[in-house]
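Quick note: the sequence shown, position 374, residue 374 per UniProt numbering, numbers continuous.
Check the hints yourself; a few may be wrong.
Unchecked claim - Listed below are the simulated DSS-like cross-link pairs for lysine-lysine, each with C-alpha atoms no more than 27 Å apart in a straight line:
1) Lys173 x Lys61
2) Lys87 x Lys178
3) Lys204 x Lys118
4) Lys178 x Lys118
As the list claims (entries may be wrong) - Here are the computed distance ranges between Cβ atoms for each label pair:
5) Ser312 x Tyr275: 13 to 23 Å
6) Asn207 x Val464: 36 to 46 Å
7) Gly251 x Leu338: 23 to 33 Å
8) Glu77 x Pro365: 35 to 45 Å
9) Glu77 x Ala371: 38 to 48 Å
10) Pro100 x Asp132: 43 to 53 Å
11) Thr243 x Lys206: 22 to 32 Å
12) Thr115 x Arg321: 43 to 53 Å
13) Pro100 x Lys206: 19 to 29 Å
14) Val464 x Ala92: 25 to 35 Å
15) Thr247 x Tyr275: 15 to 25 Å
No wet-lab data here; the hints were simulated from the structure. Beta carbons: idealized from backbone N, C-alpha and C, even for Gly.
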Amino acid sequence: MRIGIDAMVIHFYLLRRGAGWLGWVSMRNLTAPVALAAALLAAAPVHAKPADTDAAKKILKDSIAIPTVMGRGKVPELAAYYASVLKAAGYADTDIEITPMGETATFAATLQGTTKQKPIVLLGHMDVVEADPKDWTRDPFVPVEENGYIFGRGSEDNKFDVSMMVATMAQLKKDGFKPKRSIILLLSGDEETSMTTTRALAAKYKNAEFALNGDGGGGLIGEDGKPKYYGLQAGEKTYADFTLEVTNPGGHSSRPGAVNAIAELSEALARIGAYRFTPQQNELTKVGMPIVADQVGGDIGAALKAFAADPSDAKAIAAIRADPEYVGQIGTTCVPTLVKGGHAENALPQRATANINCRIFPGVPVEEVRAELVKVIGDPGVTVNPDPDASASDASPLRPDVMAAVAKAVHARAPGLPIIPSMSAGATDSYHFRIQGVPSYGVAGLFSKASDSYAHGLNERVPVDAIAPALAHWDSLLRDLSK
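Make the full structure from the sequences, and use the hints.
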């Protein structure tokens, strides 16, 4: 579920996607171990050359050509293709596991480590959203290289970084690289829909040291072609839908009584619409907001900086809440999104329901939010039914080793580029790994312009010249973090 660059910049503290992040942030916001880790990595020898660009391009094009949308049963075919690429590089049959789950599947490939340390897992998803060929300029499932881009559904979300990870895993095997920690590439098969495969993978690999997700984070390139900043996704808000329900005996509309299901529900919705949850902050907001404030400037920049320093600053809170680009970053939000009621034009409604969509701040229990909604409504006649599929996940800690490795990989491409820890209002596979206690980080290798981001949209594309630096990015991360 890769979010377009503009939206990601907005919802992840103007990010995504002077001094670099480690040089700037470590002195002001983080601890000495981060700076030490950065210094050690900076002094490390140059790596062997990353995977071949042409080989990675072929993997990407071959991936796009397999239409892994829900209902077509093509995910197992793509999983088998990735297995063939890795086996050709030297992986044994026992290193690869494809597990069918209904019409889809999960994929796991392991580069065995030399120690018993907990493994590192790499995350991505093989499925893509549907695309209607009638609406596209080119067939969405026929990869086309044209004008410096590769077009096709899933080219950005998420087959670009999945292909780069597969190519890098293949190259590491060919090089005879022996990591201390096992590196396990895990690919889900229904991230864009039910995430059933994601939950299965998270439960099976919950002993991992941490996860690196190619479906989050990444770099933003300005329209002038220069990198602007890089986002590292370290948290996601919990998605939860609550159902409000009011039931009445009903009757003839010519004989209205004192209680009306639709009217009673309307009053509850008005209270929720006017309610604001208490503002919150965490490590991501404390570190990320001041950097974004410097990038944005103006009144909103001043408000972000003030909130980071004092989350009770009423003036800053009011300014941020008035801006839809940032309101989701300072706490839980709940809004009505669907309403249903009544059964006939000339009858009193027997039932009225409404959906309340909440994006819950990391670490806040789902039931706690439901209880707060009940209190806000203040009417025992309105039932607030829980979301059975919602589970809370906390933000991941900003580990010094991960932060330093990301800084090294990013700055090898763009020296001094700001790196901003970020929190997503949406959900990726990382969400379910965090629920299982696995710290997870969106560290995509894709750098692109905001104007080039068409994930989930028409004529989705990625720049061809993004392939080589993305391969170097993943090669650097995996070699450094598996030591």
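Cross-check of the supplied hints:
| no. | hint | in the structure |
| --- | --- | --- |
| 1 | Lys173 x Lys61 | holds (22 Å) |
| 2 | Lys87 x Lys178 | holds (17 Å) |
| 3 | Lys204 x Lys118 | holds (13 Å) |
| 4 | Lys178 x Lys118 | holds (15 Å) |
| 5 | Ser312 x Tyr275: 13 to 23 Å | holds (18 Å) |
| 6 | Asn207 x Val464: 36 to 46 Å | holds (38 Å) |
| 7 | Gly251 x Leu338: 23 to 33 Å | holds (26 Å) |
| 8 | Glu77 x Pro365: 35 to 45 Å | holds (40 Å) |
| 9 | Glu77 x Ala371: 38 to 48 Å | holds (46 Å) |
| 10 | Pro100 x Asp132: 43 to 53 Å | violated (28 Å) |
| 11 | Thr243 x Lys206: 22 to 32 Å | holds (30 Å) |
| 12 | Thr115 x Arg321: 43 to 53 Å | holds (49 Å) |
| 13 | Pro100 x Lys206: 19 to 29 Å | holds (21 Å) |
| 14 | Val464 x Ala92: 25 to 35 Å | holds (33 Å) |
| 15 | Thr247 x Tyr275: 15 to 25 Å | holds (24 Å) |
The structure does not agree with numbered hint 10 stated previously, though it agrees with all others.
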